[in-house]
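Which chain is which? The protein sequence lines are E and H, in order. One point on numbering: in the working numbering, the residue at position 165 of the first sequence is 168, and numbering is uninterrupted. One point on numbering: in the working numbering, the residue at position 229 of the second sequence is 372, and numbering is uninterrupted.
I should point out that these hints are in silico values taken from the structure, not numbers from a laboratory. Careful: at least some of the hints might be erroneous.
[Said to hold, decoys possible] Derived list of chain H stretches under chain E, where covered just means 3 residues or more per stretch with a C-beta under 8 Å from a C-beta of chain E:
1) 166–179
2) 188–202
3) 219–229
4) 310–322
[To be verified] Take a look, some chain H residues computed to stay more than 10 Å from chain E by CB distance:
5) G157
6) V211
7) E252
Ideal Cβ placement from N, Cα and C applies to all residues, glycine included.
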Amino acid sequence: MKKTVIVEGSKAVSEAVKLCRPKVIAAYPITPQTHIVENLSQIVADGELDAEFVHVESEHSAASVVLGASATGVRTYTSSSSQGLLLLLEVLYNLAGMRLPVVIGCVNRAVSSPLNIWNDHQDAITARDAGIIQLWAEDAQEALDMHIQAYKIAENKEVLFPVIVNLDGYIISHTFEAVEIPTQEEVDSFLPPYQPEVYLTPKNPLSFGAFADWNYYQEVRQIMQETIEKSKEVILEITKDFAQHFGRDNGSLVEKYKTDDAETVVIAMGSICGIIKELVDELRNQGKKVGLLRIRVYRPFPKEEIYQALKNVKNIAVFERCLSVGSGGIVANEVKSVFYGKEKQPRISNFIGGLGGRDLPKDLFRGIVERAEKEVIENEFVAVRTELIKD
Amino acid sequence: MKHLFASGHTACVGCGEVLPVIMVVDTIGPNAIYVSATGCIEVFSSRYPESAWEVPWIHSLFENAAAVASGIASALKISGRKNEAKVVALAGDGGTADIGLQALSGMLERGDDVLFVCFDNEAYMNTGIQRSGSTPFAAATTTSPAGKLWLGKMQRKKNVPAIVAAHNVPYVATASPGYYADLKNKVKKALTFEGPKYIQILSPCPLGWRSDPAMSVEIAKLAVQCGLYPLYEIVTRSENQSGFRGNGELRVTIKVEKRKPVEEYLKLQGRFRHLFDKPEGKAVIQEIQTIADENAEKYGYGEVAK
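Just chain E, same shape as in the assembly (with noise of 0.2 Å):
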């Protein structure tokens, strides 16, 4: 029986990885991912899942243990968070170009210095160029969903590319939510059994994982690329597929929020969408056109969607909680690429904050808006404790 139960982010997460039945888990605690792992920890020590649980000694390995079991040709998890991620970059940079369909799940935390273990950005953002699928959900609901549609789009023969699906620290991971768990007949039926192509066996002695050199490499890089981009379209028809599935349509690459004959839009990810939903809600109201643009797919980069939903608007404010020191906002510099050349030049603003889990009141985004009506801004921090910083 599908159920609605009132349960903690991470568990819903853990209850979908258990329904995919991953065969190998592999993860290294860090704060504030570790519900997840202790979660599917009791679920295997329980037997309620076939799976091995390898308990690593680091992130490195954890990445590298769900490296080599996923090469061997079974489905695989890990999951982690801000320093955890950046530890394991370097293993997500080698199964993306390995095109090992890894789920992996980030509980978006900020990262050091200053040591800070609360809610921002940074961390799966710094990890935007590894040739990784991001995913970013806006409440648990939509972390359980995209767990299951994850599986489904790396494996997808026409994609074949690790995911990261991502959840606000705290805010997603450890708050309790209304949460519908599918059963395991939905999600079998939804999600078939992995069965690669090839993987490591004596059977078919493969060599994985090749020294390629200036004749080779390049054209790698490139299948990459351009693979990536195609994989927009299996992840639309995976969603609508999943919406037919489970009777939940979680849209597009992007959640176009009252866009359609909006003036002003903010374009955000993540849990903060629901507060800004709730603005543009009381704003509507008042009889201002505002909407909101959710990014739900950042890698690949949704150009052509944010285009067709915001060419006709006047204003958008883009509000991230990320920042590549010595350039500015990370969203925002793709968000003005995607208009370059194009026709329609909606202003572009862009603002900071909520860093290291700075609280993000409704309020702000309010001024946002007015903000960003008036004219254009560029690299705004925002709620800014103005006594802190010294001329």
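For this one, chain E is given, so just place chain H on it according to the hints.
Showing chain H alone in chain E's frame:
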């Protein structure tokens, strides 16, 4: 005989690493999955579009061969394919003693069913002969050169077999391509144990050791005969499928009654040449002789032959 590690690889002339690789792979046979750490073996065996591997093989990164091997072993176990293949990780001394030590320790502690073979050429040869934790005392490398103040590496070699043995794993051994039968026996014996196994094989590198490529096997023998590279095994697991018994005590497999003086080993290698050229080298050679003497006492080798 057809080797499972095919000819046409790009190892250097006289390479003392590819030789034991072939010995190990041929001994194990076709039913194995190999993981290589980044390093010479990976580079000389897998340059796309060619591959020397007639057995399933994967290379991931420098430091993670043990963890990748754990993943393979776990996947085989959970999918009921355990009898399909042994899992063997191959790494150089850098990928074992230094950057790979953490992943190796994790694999050993978990008890994963993996044979880890370290090909110990005593420096980072693939990147151009830089000092590693496994470089022996006084050997000159590009980062531990002989100079006005330095006489090569000023620290002793890291004892990785002892570190591995401290994990209480079923089987630990050292080997040398100069003693093929001993090496072969150890590989065979290791694979009779369930769980982590470790074999460290001295792998003379003519390029890095600045030695005659024709002398690699001879040098591999001399290292043992002078007492600097004792060959032994430590069987910890009380019993295995073949009935081997062990109590964790070290057993010397190649006994040396009459030791060669260390000079005989050192003088064949350019990496120790500064010890013979510089007046202060004499005392250093004496110190190396002391290391060999300590080994001799520990492993029951005889006196240095006059």
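We went through each hint and held it up to the structure:
1. With 5 residues having a beta carbon nearer than 8 Å to a beta carbon of chain E, the region 166–179 of chain H meets the requirement of three or more and the stated coverage holds.
2. Taking a C-beta to C-beta cut-off of 8 Å, the region 188–202 of chain H contributes 12 residues in contact with chain E, enough for the three needed, and the coverage statement holds.
3. Counting residues of the region 219–229 of chain H whose C-beta sits closer than 8 Å to any C-beta of chain E gives 7, which meets the bar of three, so the coverage hint holds.
4. Note: the region 310–322 of chain H has 0 residues with beta-carbon separation from chain E under 8 Å; the three-residue rule is not met and the coverage is violated.
5. Separation of G157/H from chain E is adequate, the least Cβ-Cβ distance of about 22 Å exceeding the 10 Å criterion.
6. The non-interface label for V211/H is inconsistent with chain E: the shortest C-beta to C-beta separation is roughly 4 Å, within 10 Å.
7. With a closest Cβ-Cβ approach of about 7 Å to chain E, E252/H is found to fall inside the 10 Å limit, against its non-interface label.
Checked against the numbered hints above, the structure violates hints 4, 6, 7; every other hint is satisfied.
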